[in-house]
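Add chains B and C to chain A, keeping to what the hints say.
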Amino acid sequence: MEKLQNLNVPSPLLNVQSVTKQFLGLKAVDSISLSVSQGEIVSIIGPNGAGKTTFFNLLTGQLQPTFGEINFDGKAINNLGAHERARIGMGRTFQISKPLIALNVLENVMIGAFMREPTMERAKEKAISLLRKVGLLQLAPIKAGDLTLSQRRRLEVARALALDPKIMLLDEVMAGLNQSEVSQSIDLLNQLHSEGQTFLIIEHNLKVVRAFSQRVIVLDRGCLIAQGSASEILNSPEVITAYLGEGHKWKRS
Amino acid sequence: MDQILNVLIIGLLLGGIYGLVSIGLNLIFGVVRIVNFAQGELVMLGMYGSYFAYTQFNISPYLSFLVVAPLVGLIGIVIQRFVIQPLRAESNMQIFATFGLLMMFQNIMLMVTKGEAYSIGGESSRWSLSVGELSLSVVRLIVFVAVTLITVGLHIFLNKTLTGKSIRAVTQDKLGARAMGINVERTYLLTFGIGATLAGFAGAMLTPIYSITPGVGGNFILAAFAVVVLGGLGSVWGAYLGGLIVGVVEALAGYYIDPVLRSAVWFMIFLVVLMVRPSGLLGMVGAEEVGFREQN
Amino acid sequence: MNKTKDAADTLSKGGTFADQAIDADSSKLIETPKSLSFKYLGCMVLLFLPVLLLARYPQWINIVAFTYLMGAVAVAWNIIGGFGGQFSLGHGVFFSIGAYMTAALFINYGLSPWITIFPIALVAGLVSVLISWPTFRLRGPFFAIATLAFNEVMFVLANHFDSLTGGPRGLMIPFKAGFANMIFTERSYYAYLMFGFAAFSVGVSVVVRYSRLGYYLLAVREDEDCARACGINVLNVKLSGMAISAMLTSMGGTLFTMYLRYIDPPTLFTMSDIGVKFALLSLIGGIGTIAGPILGAALIIPFENYLRTELSNGLPGSNLAVLGFLMVLAALFMKKGIYGLFQEKYGKANKPALPTPMSVKPGGGAT
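Residue numbers (our numbering), protein chains in the order written: chain A, 1 to 253; chain B, 1 to 296; chain C, 1 to 367.
One chain only, chain A, in its complex shape:
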């Protein structure tokens, strides 16, 4: 487990203490504690059903924890609704991306931009600059329903960026992409990171985890079972067992 933070280091951006979510018969998230510092990239991995998305939902406010505290940017946010959490700087994408298919790409990003820029003109400018940043500007007039999967994912990221977030929570943003799309996306995320963005991502694609994480957290059946650097985690027998069952080894990648 991580050592206690040095008192000279500023307090973490996101600090989660013993957060638990109990449904009637099931503890979907069991006493997870974790912290993410400004500028870090932390990945969450784990087998299906481990509670990763539920955990995200607790962070961003779609669900209320049964127990535990969530602190963001120095404030306790348990009582804040999901839209307020977006306002204080939590940007998020969803596993099933749902852009407004009847509107064009520009308008989709504008919907995010409106939060910080209430006028149409300024929101449009902001959306244009973000589309340029993620490489979708040429698609601005296209209806979101006509985009490919990788373009939709990028659109989601642009929309989340429009909130000027302090942290980006990405839920399986690489799912379904082919190799070259994945590496283009990693390039984009790296660029954003170099500009100071903090990331907490859920990822299944271990190549991505290896290429784009500083710290990795493993969940299984709602519990945090391991935490460490990417190479530590991906070679740990515990984690391999959790993912694949007894007696397996990762294939050489």
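If you're looking for bench data, these hints aren't it; they were derived computationally from the structure.
Where a beta carbon is used, it is the ideal one built from N, C-alpha and C, also for glycine.
Treat the hints with care, since some could be wrong.
Calculated pairs, BS3-like style, for lysine-lysine (alpha carbon to alpha carbon, straight line, at most 27 angstroms) [said to hold, decoys possible]: (1) K165(B) with K27(A); (2) K345(C) with K98(A); (3) K98(A) with K126(A); (4) K133(A) with K75(A).
Derived coverage of chain A by chain C (criterion: at least 3 residues anywhere in the stretch with Cβ under 8 angstroms from a Cβ of chain C; other residues may be distant) [to be verified]: (5) 85-95; (6) 115-122.
From chain A, some residues computed to sit far from chain C (all C-beta separations above 10 angstroms) [what the hints assert, rightly or not]: (7) S11; (8) S33; (9) R210.
Below, chains B and C alone, put in the same frame as chain A:
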């Protein structure tokens, strides 16, 4: 004291009626997850059907239901197959479609009956049983017994039989049930059929009590929604209990305030439950996804 | 728009030409007030033609007036029902507030409806916020049922408080002709009045749709969780949309009262005639579009009138049975309405070519 007891009894018997009408709706709600606005019209069809059997063939509703109820059930299956099923992903369109069915059924019957109200009337509807100083209407007592029996029967069916269990599986987890090999579409058809049959049965049982007009279904549908919400989605005993509570509250409100304000009573119940305890008294997990949600 | 195809081609040759093209053209990406104004004026001219042509024939005036009135309220319903996705079946409540208050203030205090129409609309807006605030937490069908229940409760209250509403006997407005009273001896003026209201209603709808609120309503309709993640206060957005919709609907009720000069609970609260009608017109015409509901009204109201006069005399209820059947058909086969059918036919011709994914890179640079 006697007065209150009388009012309570009336309320309980009324509750039995509401429970009977709601039980089919509750099943459909809980399983197929749709709001069937036309449920009241299915009851109405049951009433007209058993009236027809009575006037044409002299068969008592307490016998003719054996034919009338399954016939209404068949209509239900047709509705599910051709109207509801195609719209399974679009709950807003379902509202339109079932409301359109409501308008169709009501007005077709209006065309057929030319607006006359029918009533079985006669002595039998006025029989009453004397218990101490209270008098209980026999026909309503029969309804009360019927709804109790049906609730028990449905409970056994859902918990002890394989078919019933597969219905409950679909209620709880559609994807999981499909993964287990349960044919979800067929389960929907079956459930709608049962729900419609129960509506037809309710209609038959209510024929001796109410006068039959094309709009009679509308009388029940709001109360039925209040019952289902109060009792909790997918819970058979919830519908039973909910019916009794709605009946009693309505009787008390009618006695102390004004009988005309019935719909206000149902609506109050509806709202209060949804705000205080959205899953209803005995509702199931997952009720949240259908129509309720945690506070923003 | 061939610009996109050119842009993609140029991109693959290496250059940021595409971005400059987009920047220069950014005004074409979304509707601007100027482009909207043109479209709106064009639309109004089209709408005015039937009035111009038919208002001189007494037998047409009634149909024209009703069509525009119902169409206008359907446009209002569409703001919360179509843009916002909240299927209210209780708009009859706001309609009746407009109707009853206008009548009561006119009969008892001689207040001109031209003056009272707006304050009454504010009242309706307030009521809408009060009753929607608890019910908006309900999803889809349950919200619809709750609004339906409101309608029923209002019906009961209207019958009950007869000192205010005239109870079951209703209220009758005496024929005191005069422009200030909104009572015209020249019947064709009503047709123009209703057209004016329709123009106003469509105007409001346009302003809402292309404002931040409009975009937020669409986002809420599409996916509420996603909307929240964009910082949208979903409840406030719904309440705002509902308030605007309710205010317009109430204004429709005011005009309805002064046109018919007789209102009673059955007239105002029969679901099939009022409550559901607005939703139905929007559905047939094109839910979520701006002019769709008027189109729906133009199709349904005259048709329904025909059914009522031709069939209903022999067979009461047949007009509603047909309407119900149409509703089922529309829900099953015509979800996007007539407008949607048009869009499909003509929209395909205009679809721009997509640049290939490979040519798109972060930072907007060339491949």
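Hints versus structure:
Of the supplied pair hints, the one linking K165(B) and K27(A) holds, its CA atoms being roughly 25 angstroms apart against a limit of 27 angstroms. Of the supplied pair hints, the one linking K345(C) and K98(A) holds, its CA atoms being roughly 25 angstroms apart against a limit of 27 angstroms. Restraint check for K98(A) and K126(A): the C-alpha separation of about 21 angstroms stays at or below 27 angstroms, so the hint holds. Restraint check for K133(A) and K75(A): not satisfied, since their Cα atoms lie roughly 31 angstroms apart, outside the 27 angstroms limit.
Residue count for the stretch 85-95 of chain A with a Cβ under 8 angstroms from a Cβ of chain C: 5. That meets the three needed, and the coverage hint holds. With 3 residues having a Cβ less than 8 angstroms from any Cβ of chain C, the stretch 115-122 of chain A passes the three-residue criterion, so the hint holds. Every CB of chain C is more than 10 angstroms from the CB of S11(A) (nearest about 24 angstroms), matching its label as outside the interface. The beta carbon of S33(A) is kept farther than 10 angstroms from every beta carbon of chain C, the shortest such distance being approximately 24 angstroms.
Residue placement check: R210(A) keeps its beta carbon more than 10 angstroms from all beta carbons of chain C (closest about 20 angstroms).
Checked against the numbered hints above, the structure violates only hint 4.
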